[in-house]
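Going line by line, the protein sequences match chains A and B.
The opening position of the first sequence corresponds to residue 1 in our numbering, with each subsequent residue numbered one higher.
The opening position of the second sequence corresponds to residue 1 in our numbering, with each subsequent residue numbered one higher.
Think of the hints as simulated: they come from the structure by calculation, not from any bench.
Mixed in with the good hints there might be a few duds.
Said to hold, decoys possible - FRET-style restraints, in silico, Cβ to Cβ:
{"hint": "1", "chain 1": "B", "residue 1": "Asp133", "chain 2": "A", "residue 2": "Gly298", "range": "49 to 55 Å"}
{"hint": "2", "chain 1": "B", "residue 1": "Arg40", "chain 2": "A", "residue 2": "His117", "range": "46 to 52 Å"}
{"hint": "3", "chain 1": "B", "residue 1": "Val135", "chain 2": "A", "residue 2": "Gln269", "range": "52 to 58 Å"}
{"hint": "4", "chain 1": "A", "residue 1": "Lys271", "chain 2": "B", "residue 2": "Asp133", "range": "45 to 51 Å"}
{"hint": "5", "chain 1": "B", "residue 1": "Glu83", "chain 2": "A", "residue 2": "Ser91", "range": "49 to 55 Å"}
{"hint": "6", "chain 1": "B", "residue 1": "Pro172", "chain 2": "A", "residue 2": "Glu203", "range": "25 to 31 Å"}
{"hint": "7", "chain 1": "B", "residue 1": "Val135", "chain 2": "A", "residue 2": "Asp274", "range": "35 to 41 Å"}
{"hint": "8", "chain 1": "B", "residue 1": "Pro8", "chain 2": "A", "residue 2": "Pro242", "range": "48 to 54 Å"}
{"hint": "9", "chain 1": "B", "residue 1": "Leu196", "chain 2": "A", "residue 2": "Leu99", "range": "26 to 32 Å"}
{"hint": "10", "chain 1": "B", "residue 1": "Leu70", "chain 2": "A", "residue 2": "Gln208", "range": "43 to 49 Å"}
{"hint": "11", "chain 1": "A", "residue 1": "Pro242", "chain 2": "B", "residue 2": "Arg72", "range": "39 to 45 Å"}
{"hint": "12", "chain 1": "A", "residue 1": "Ser91", "chain 2": "B", "residue 2": "Leu196", "range": "41 to 47 Å"}
{"hint": "13", "chain 1": "B", "residue 1": "Glu192", "chain 2": "A", "residue 2": "Gly227", "range": "27 to 33 Å"}
Stated by the list, open to error - Simulated pairs of lysine-lysine, BS3-like, Cα-Cα distance not exceeding 30 Å:
{"hint": "14", "chain 1": "B", "residue 1": "Lys198", "chain 2": "A", "residue 2": "Lys178"}
{"hint": "15", "chain 1": "A", "residue 1": "Lys2", "chain 2": "B", "residue 2": "Lys198"}
{"hint": "16", "chain 1": "B", "residue 1": "Lys18", "chain 2": "A", "residue 2": "Lys200"}
{"hint": "17", "chain 1": "A", "residue 1": "Lys212", "chain 2": "A", "residue 2": "Lys200"}
{"hint": "18", "chain 1": "B", "residue 1": "Lys184", "chain 2": "A", "residue 2": "Lys200"}
{"hint": "19", "chain 1": "A", "residue 1": "Lys178", "chain 2": "B", "residue 2": "Lys47"}
{"hint": "20", "chain 1": "A", "residue 1": "Lys121", "chain 2": "B", "residue 2": "Lys198"}
{"hint": "21", "chain 1": "A", "residue 1": "Lys256", "chain 2": "A", "residue 2": "Lys26"}
{"hint": "22", "chain 1": "A", "residue 1": "Lys197", "chain 2": "B", "residue 2": "Lys164"}
The beta carbon of each residue, even a glycine, is placed where N, CA and C say it ideally should be.
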Amino acid sequence: MKAGSNLEKVLEGGYFAVTAEVGPPKGTSTAVIQRKGELLKFYCDAMNVTDNQTAIVRMSSWSGCILLKEMGIDPVMQMVVRDRNRIAIQSDILGAAALGIRNVLCLSGDHQRFGNHPTAKGVYDIDSIQLVQTLKTMRDEKKFLCGEGISGEVQLFIGAVENPFADPFEYRVMRLAKKVRAGADFIQTQAVFDVGKFTKWMEMVRDQGLDKQVHILAGVIPIKSVGMARYLRDNVSGISVPDEIVIRMEEARDVKEEGVKIALEIIDQLKEIDGVHGIHIMAVAWEDIVPVIVERAGLLSRPIL
Amino acid sequence: MLISEQKPFEEILDYVTKDRVIFLIGCKGCADGCESGGERQVLEIKKRLEEEGKAISGFSLIDMVCNEALTRMKLAAYAEAIESADSVLVMTCGAGIQTVASSTHKVIHPGCNTISSGHAEWKQAERCMECGDCVLEFTGGICPIARCAKGLLNGPCGGSQGGKCEISPNLPCAWQLIIERHSKIGSLHMLEEIILPKNWDPSLKDGSPTQRG
Ligand code: SF4
Ligand code: SF4
Numbered sequence: 001m002k003a004g005s006n007l008e009k010v011l012e013g014g015y016f017a018v019t020a021e022v023g024p025p026k027g028t029s030t031a032v033i034q035r036k037g038e039l040l041k042f043y044c045d046a047m048n049v050t051d052n053q054t055a056i057v058r059m060s061s062w063s064g065c066i067l068l069k070e071m072g073i074d075p076v077m078q079m080v081v082r083d084r085n086r087i088a089i090q091s092d093i094l095g096a097a098a099l100g101i102r103n104v105l106c107l108s109g110d111h112q113r114f115g116n117h118p119t120a121k122g123v124y125d126i127d128s129i130q131l132v133q134t135l136k137t138m139r140d141e142k143k144f145l146c147g148e149g150i151s152g153e154v155q156l157f158i159g160a161v162e163n164p165f166a167d168p169f170e171y172r173v174m175r176l177a178k179k180v181r182a183g184a185d186f187i188q189t190q191a192v193f194d195v196g197k198f199t200k201w202m203e204m205v206r207d208q209g210l211d212k213q214v215h216i217l218a219g220v221i222p223i224k225s226v227g228m229a230r231y232l233r234d235n236v237s238g239i240s241v242p243d244e245i246v247i248r249m250e251e252a253r254d255v256k257e258e259g260v261k262i263a264l265e266i267i268d269q270l271k272e273i274d275g276v277h278g279i280h281i282m283a284v285a286w287e288d289i290v291p292v293i294v295e296r297a298g299l300l301s302r303p304i305l
Numbered sequence: 001m002l003i004s005e006q007k008p009f010e011e012i013l014d015y016v017t018k019d020r021v022i023f024l025i026g027c028k029g030c031a032d033g034c035e036s037g038g039e040r041q042v043l044e045i046k047k048r049l050e051e052e053g054k055a056i057s058g059f060s061l062i063d064m065v066c067n068e069a070l071t072r073m074k075l076a077a078y079a080e081a082i083e084s085a086d087s088v089l090v091m092t093c094g095a096g097i098q099t100v101a102s103s104t105h106k107v108i109h110p111g112c113n114t115i116s117s118g119h120a121e122w123k124q125a126e127r128c129m130e131c132g133d134c135v136l137e138f139t140g141g142i143c144p145i146a147r148c149a150k151g152l153l154n155g156p157c158g159g160s161q162g163g164k165c166e167i168s169p170n171l172p173c174a175w176q177l178i179i180e181r182h183s184k185i186g187s188l189h190m191l192e193e194i195i196l197p198k199n200w201d202p203s204l205k206d207g208s209p210t211q212r213g
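Construct all of the structure, not just a fragment, from the sequences and the given hints.
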C-alpha cells in the first residue's frame, strides 16, 4: 500500500470503485459539505472535493477534505496548478499529508478567464504532469523538487485526470502514458456520454498495457434538465454529448428520470469495458441523485475494508 | 531590439547528438547586435561543431530572420544544403527560431535563449515571451510559453478541441500545432519524455529583476 486510503484499498482489492464529487460552498458554511458528506457517505468509496472549479472562488479543497475526514469519509483533494506555484503546492501537500488526506488528484485547472476573476494572473509554474511527478518524488524519495529532503512520511495515493474526448484524439493515450510514467496511481476521466469513442480510447489504452499500470475510473455526469444537456453539448469544452442524448431529454415526459436512465445505461456499458476499474460521479448541483444512481446501478453495498 | 544570448555549447551539442549534417542560420539583425547569432558567432559555432565531427552543409545569414517572407525567400536559395542536413541550428531569438520552424520541415534546434524584447511589439504569429530558457528544442519549434494559454510544457490540456484553445475559438491550440509538427517531421517520440519544471529565473517577467549588461 502506498497510502492506505480507502480508495486505494478498494481498487487494489479488485473492487469496482465508486467515487463522487463534492463542490464546496462559495462561503464559509461547513454544513454544506457536511450535508453532502452525510448524503453520500454509504454510496461511494471516496469523495473528491473540487479546487476552485471553473476558476470560481470557493472554500478550499483541503478544508473540505478535512471536514469529510472528520466524518469518517475518505477524501480526494483536488489540486490545480493554475493558482499555486511549486512552493505553495509542496507546502499544501505537506499540510494535507500531515492532516491525514491520502488521495490527491492533479489537474491543470480551467483557465482563469472562465471564472469570476477573469483578470487574475494564471500561475502555471508547473503543469499537471510535473505535479504528478513532484508528488511521486515527495512520497517515494522523500524529497522536494529542489532535491532537499523532507522529514516524515508523505503518504499519497496519486491521481490524475484524462479527457478521452479532447483533441488530438490519437495523442491522448500517449499523454496518459506520460502521466502513468510520471507516477499516477489512478485516473479519473472526463464525463463519458459518447461510449463508442470511450471504448475506442480504452482499446488504445489496453494496447499499450496501461490498464495494468493504473486504475481508470470513468467519469459520469447525470443530466438533470434539457437545458443542461444542451449546455454540456454546446458550451463545455472537452465534453462531447451526442445529439441523440439531447433529443432523448427533449422528448422525455419525465426529464429527470430520463437523465437517470441515461446515466444508468452508460454505467452498465462502462462496467463491461475491460480495464475500467470504477466510476466517478460528478452530479453537479444534483448530489441527491447519487444514492439513487448507485443503488439502481447495482453498486451497493460498498465494500468495508 | 530582442536580446538573446547563446545557449551553452554543451547544451547545443546535446541537441545535435544524433545529427551528422547540420545547416546553420544566423541573423544580421538583433542577434548580430547581441553577438549571439551574427556572422562571427555562426562561423565560430561552425568551427566548434566541425571539431566535434559534425558536417556543416551550409549556413545562411539573414537580415531579419523573424520576417517570414524574407526568410522563406533566402532559404529557398539553400534548399539543397538544407535538404541534405539532418537538422537546422538557428542562432536567433525565439521569434526567429519559430519562423524557421514554420518555413522548413526539418528538425530545428534553438541555439540561443531570448532574454528580453526591449518591449518591442511582436505582432507575428511566431511569438516569444523572452523566457530566457528556450524549450523550442522539445516542442518542434513552436513556443508553448507564448502560445499555450497555460504555458504547459507537457500539453495539451483537456480543453483542446478541434484544434482550438479552450479559452477562445479564434486561438489555435499551441499543443495541437506542436503535435502536428512533430508528427509531420517524424519526431513525435520526443514528446514521450516528460519535460521537467522550467527554470523561470532568467525570465524578466516572472523571475526577479536583474541588472543586465
Ligand atoms: S521557449 Fe518560447 S518564450 Fe522561451 S525563449 Fe524560446 S521562444 Fe522565447
Ligand atoms: S487548449 Fe491548448 S493552447 Fe489552450 S491551454 Fe490547453 S493546451 Fe494550451
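Q: Starting from the hint 49 to 55 Å, judge whether the C-beta atoms of Glu83 of chain B and Ser91 of chain A obey it.
A: Between Glu83 of chain B and Ser91 of chain A, where Cβ atoms are some 53 Å apart, the hint holds.
Q | Supplied distance hint 49 to 55 Å, evaluated on CB atoms of Asp133 of chain B and Gly298 of chain A | A | holds, 54 Å
Q. If you check the beta carbons of Arg40 of chain B and His117 of chain A, does the distance land in 46 to 52 Å?
A. holds, 50 Å
Q. Does the Cβ distance between Leu70 of chain B and Gln208 of chain A fall inside 43 to 49 Å?
A. holds, 44 Å
Q.
Just to be careful, I want the Cα atoms of Lys184 of chain B and Lys200 of chain A compared with a cutoff of 30 Å; is the pair within it?
A. holds, 24 Å
Q) Within 27 to 33 Å or not, the Cβ separation of Glu192 of chain B and Gly227 of chain A? A) Violated: the Cβ-Cβ distance is about 42 Å, outside 27 to 33 Å.
Q) Holds or violated: 45 to 51 Å for the Cβ distance of Lys271 of chain A and Asp133 of chain B? A) At roughly 47 Å between Cβ atoms, Asp133 of chain B and Lys271 of chain A fall inside 45 to 51 Å, so the hint holds.
(Q) Need the status of pair Lys18 of chain B, Lys200 of chain A: alpha-carbon distance at most 30 Å? (A) violated, 36 Å
Q) Has the hinted range 35 to 41 Å been met by the Cβ atoms of Val135 of chain B and Asp274 of chain A? A) holds, 38 Å
Q. Per the hint of 52 to 58 Å, is the separation of the Cβ atoms of Val135 of chain B and Gln269 of chain A within bounds?
A. Roughly 41 Å apart at Cβ, these two residues miss the hinted range, so it is violated.
Q) Taken at face value, is the distance from the CA of Lys178 of chain A to the CA of Lys198 of chain B at most 30 Å? A) holds, 17 Å
Q: Could you see if the CB distance from Pro172 of chain B to Glu203 of chain A stays within 25 to 31 Å?
A: Given a distance of about 29 Å, which is inside 25 to 31 Å, the answer is holds.
Consistency with the previously given hints fails for numbers 3, 12, 13, 16 and 19, ordered from lowest to highest.
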